[in-house]
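Heads up: the protein sequence lines correspond to chains A and B, in order. Under my numbering, the first residue of the first sequence carries the number 722, and numbering increases by one thereafter. Under my numbering, the first residue of the second sequence carries the number 722, and numbering increases by one thereafter.
Take these hints with a grain of salt, some might be off.
Which copy is meant is left open, because identical chains are indistinguishable; a pair holds if it fits in one copy or across any two.
For lysine to any residue, the following SDA-like pairs were computed, each having C-alpha atoms within a straight-line distance of at most 20 Å [to be verified]:
id: 1; residue 1: K981; residue 2: T1064
id: 2; residue 1: K835; residue 2: R876
id: 3; residue 1: K835; residue 2: H815
id: 4; residue 1: K902; residue 2: P832
id: 5; residue 1: K1088; residue 2: V1198
id: 6; residue 1: K825; residue 2: M1047
id: 7; residue 1: K835; residue 2: T814
id: 8; residue 1: K778; residue 2: R1056
id: 9; residue 1: K808; residue 2: E838
id: 10; residue 1: K1201; residue 2: Y1059
id: 11; residue 1: K835; residue 2: R817
id: 12; residue 1: K855; residue 2: D745
Rather than coming from a laboratory, the hints here were simulated on the basis of the structure. Note that this is a predicted model, so its numbers are computed, not measured.
Protein chains: 2
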Amino acid sequence: MAKNLTKRDEDYSKWYNELVIKADLAENSAVRGCMVIKPYGYAIWERIQAELDRMFKETGHQNAYFPLFVPKSLFEAEEKNAEGFAKECAVVTHYRLQNDPDNKGKLRVDPNAKLEEELVVRPTSEAIIWNTFKGWIQSYRDLPLLINQWANVVRWEMRTRLFLRTAEFLWQEGHTAHATKKEAIAEAEQMLEVYADFAERYMAIPVVKGLKTESERFAGALETYCIEALMQDGKALQAGTSHFLGQNFAKAFDVKFAAKDGKLDHVWATSWGVSTRLMGALIMTHSDDNGLVLPPNLAPDQVVIVPIYRGEEQLEEISVVANELMKSLRAKGIRVKYDNRDTHKPGWKFNEYELKGVPVRIAIGPKDLEKGTVEIARRDTFEKQFISREDVVETVVGLMDEIQEKLFNKAKDYRTENTTEVASYDEFKEVLETKGGFILAHWDGTIETEDKIKNETKATIRCIPLDVKEGEGTCMVTGKPSKSLVLFAKAY
Amino acid sequence: MAKNLTKRDEDYSKWYNELVIKADLAENSAVRGCMVIKPYGYAIWERIQAELDRMFKETGHQNAYFPLFVPKSLFEAEEKNAEGFAKECAVVTHYRLQNDPDNKGKLRVDPNAKLEEELVVRPTSEAIIWNTFKGWIQSYRDLPLLINQWANVVRWEMRTRLFLRTAEFLWQEGHTAHATKKEAIAEAEQMLEVYADFAERYMAIPVVKGLKTESERFAGALETYCIEALMQDGKALQAGTSHFLGQNFAKAFDVKFAAKDGKLDHVWATSWGVSTRLMGALIMTHSDDNGLVLPPNLAPDQVVIVPIYRGEEQLEEISVVANELMKSLRAKGIRVKYDNRDTHKPGWKFNEYELKGVPVRIAIGPKDLEKGTVEIARRDTFEKQFISREDVVETVVGLMDEIQEKLFNKAKDYRTENTTEVASYDEFKEVLETKGGFILAHWDGTIETEDKIKNETKATIRCIPLDVKEGEGTCMVTGKPSKSLVLFAKAY
């Protein structure tokens, strides 16, 4: 079972990079910082999309599509947002290429095709969307306006890593408008719940729900809610954010509505998003030294059937059983694949599906035909068992729930073991150095202290947890009063 | 039923533009030539995507995602392709904005953040994808490689129209690699069949399958297959294309495979795509002076139930019936919506759903409660009938097929009436002037004659139909020999 994969405890970062490539999830492209999402990786993303899209629609949201480009003058309208993203914007300045007169067969940018106004490739779509909402909102009848977009965005990152930080990434961005502040906050909180529910029930990733500190907020937001997950190397990963934007964008783009009594007021806004970064969280939460481990709820193939045979005749006999089994499993809603390729040997296939994290593997050989059995192997525990053919469907259906639950509980136990409450800054530094993980500590609420901790330890406040046990205390650094424990970690 | 919609026979083009806006399908954005696809328009696009995606997967294709940007040096590698798209490329030249020192609160492009190599925003993805395929293909075992991508692309168009021609549009692009020329041609032809099947069975649009002439081919293709549809104003619309690319891209990007005997050869390629342009075809094929008409197979809402009531109590009684009806219809797979908003009157709702092309409207009023009936109205024929509650489900299910078929037959009859075979160039010009539509005529196969006809009449050869009755003849313009009739029309 070598697969030449670096072991996690040797070099976690290298293990991750190799796994993403070897499991055919993604690869770097010829474009600096932009990835190619390979078919297997994209199939997992499609599963993520399908479930989230359903959850968004069930909570009343509709999809729409807005332009890729944002004219510079719109982009700069909400100043804080513009300032936050200005340094990582790809900018279109020309709209035509021409033959290069100095270089036969080559092209160059046509200097006569310069745009009057530059176009920013969207790093996020608040500006273009709020400029559009202006035309969609006149009265309270038009509210709430609950819109989502599935799109690509570009943020020019200097140091990139597949899925975790790429110049172009895929995401969804929700943008909503409400008549009252209360409704907008309720919406931001609802979407945080949707994200947390999705992360836990589908991705099998336990998350901490919380609020970002002022310095970690989305540029232009009044509050940023987030879900934070803990990876196997003790580092945190922000898995989704939901922003209460107040009236900032409504004011920047002059979006007002007439209330029932005719009074005009600016609307209240939220935005929220998750991205292909979730793929990184999924990989780093469950996988092992043998490759990817996928929770059944998101696995493109939940079960793979591999025939073990010599000669065409044996393959045909096994295929009869396999096809029947596939039919029965599909009738139960199981995603199953039969790999009867004669270009690869069973051992190669076993390795391949282990590397790709298929939750359950069924092998059928000539002896199984005689005995009326099949061999079932679990990817998460490597347990194998021979079971009788008539029990396969029931067993597999049961395993789907069992594996899903086990992965979640394992990740949750890991998080519990790796969450430490500390009383002093010395203890904080020691835990961070020796154990890592989430650290709960008291903080005085100032940016200065937050910066000092970040500069001295590289740990940041991941969030102020929503459900932390109440309780005032004193800041571990300054000794000043603290309202509650906050969650620190080094982070991706 | 005024709706203030311009009538088709007054000004077809104006009717189209108004309909797209008033039916909430799309609108122009602040970005020149880029549209906003509104929720209702996007919901139709999602239906199109869902069915096509299923058909692609059923024919063995997998989705993947490739970068938005193409480095200029890759873009220019396949010269014909580059030449064909160079004049409409949006180009990213910088990766950062900064505060404008001359203009407080404004941003400008940071002159120090110029890219070493410019990035083209993909107008199509052959270049970036074939550069990637180079790493994916080593031997015959890796073939065929059957990939599809759902993405946005940008082609800088000077004259744009919503859905029909926009600077940014959404599409899918299939890209495949094969061991032999024969297999690649079979793939291109298979995907043409998939497109034709989809157009006819889902969009209810009859299409002519054919080959493009050399001058109308995709830049870099050896053959371009297409489906052509006829709009209500007698103009043609190209609804989908499938290209046999030969070894052009394999050679430009040096993609070779080892055959079973070890011999190295360049692979053979296809690409194929349909876009949000299909929305334009859908609108212009079926809609009328009252608004959009949607075929049931693509309607986001196939049925809408509108309560007619006075007071809360009556609404509650009607809602009991409506909710039960919805449940029964949904159990049969019907997409149904209950519009119980108290912010709008029934008459307003009737108009709204007529404008939006919902195939069947069900109205329930107090008299219906007494009699145990509902009123059913068809969008396509405006026929209304009262039917007993226990017959509703069966009637509606039947109507779905009936309306779907009727729309297709109506469009097909229109096309038959508006396809004219002509023997002389004078007759050609007269038919084009007075009747429009598809014109079948003999052509000598030269670009010169094709250009002459285009310059003199604005009609182009839409395709050389695949299933036209065989038969040689003489070119209507030059009198030279012609192998078969070809299809002319003015086109979108």
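| message | For K1088 and V1198, with the copy left unspecified, which applies at a CA distance of at most 20 Å: within, between, both, or neither? | response | neither (68 Å within a copy, 75 Å between copies)
| query | Can you tell me if K808 and E838 fall within 20 Å by alpha carbon in one copy, between copies, both or neither? | reply | both (18 Å within a copy, 19 Å between copies)
| request: Please work out whether the CA atoms of K825 and M1047 approach to 20 Å or closer within one copy, between two copies, in both situations, or in neither? | output: Neither, since 58 Å and 66 Å both go past 20 Å.
| query | Is it within a copy, between copies, both, or neither that the alpha carbon of K835 lies no farther than 20 Å from that of T814? | reply | both (6 Å within a copy, 11 Å between copies)
| said: With identical chains, the pair K855 and D745 could be close in the same copy or across copies; at 20 Å between alpha carbons, which is it: within, between, both, or neither? | reply: This pair counts as between: shortest inter-copy Cα distance 15 Å, intra-copy 44 Å.
| What label fits K778 with R1056 when the C-alpha limit is 20 Å: within, between, both, or neither? | For K778 and R1056, only the inter-copy Cα distance (14 Å) is at most 20 Å; the intra-copy one is 24 Å.
| Intra/inter-copy verdict for K981 and T1064 if alpha-carbon distance must be at most 20 Å | between (70 Å within a copy, 11 Å between copies)
| message | One pair to classify: K835 and H815, alpha carbons no more than 20 Å apart. Within, between, both, or neither? | response | Result: close both inside a copy and across copies, 4 Å intra and 13 Å inter.
| query | How would you label the pair K1201, Y1059 (within, between, both, or neither) given a Cα cut-off of 20 Å? | reply | neither (63 Å within a copy, 57 Å between copies)
| task | With 20 Å as the alpha-carbon cut-off, assign the pair K835 and R876 to within, between, both or neither. | result | between (23 Å within a copy, 15 Å between copies)
| field | Copy assignment of K902 with P832, given that the CA separation must stay at most 20 Å | value | For K902 and P832, neither the intra-copy (49 Å) nor the inter-copy (41 Å) Cα distance is at most 20 Å.
| query | Which holds for K835 with R817 at a C-alpha limit of 20 Å: within a copy, between copies, both or neither? | reply | Result: close both inside a copy and across copies, 8 Å intra and 17 Å inter.
Against the hints set out earlier in the document, violations occur for numbers 4, 5, 6, 10.
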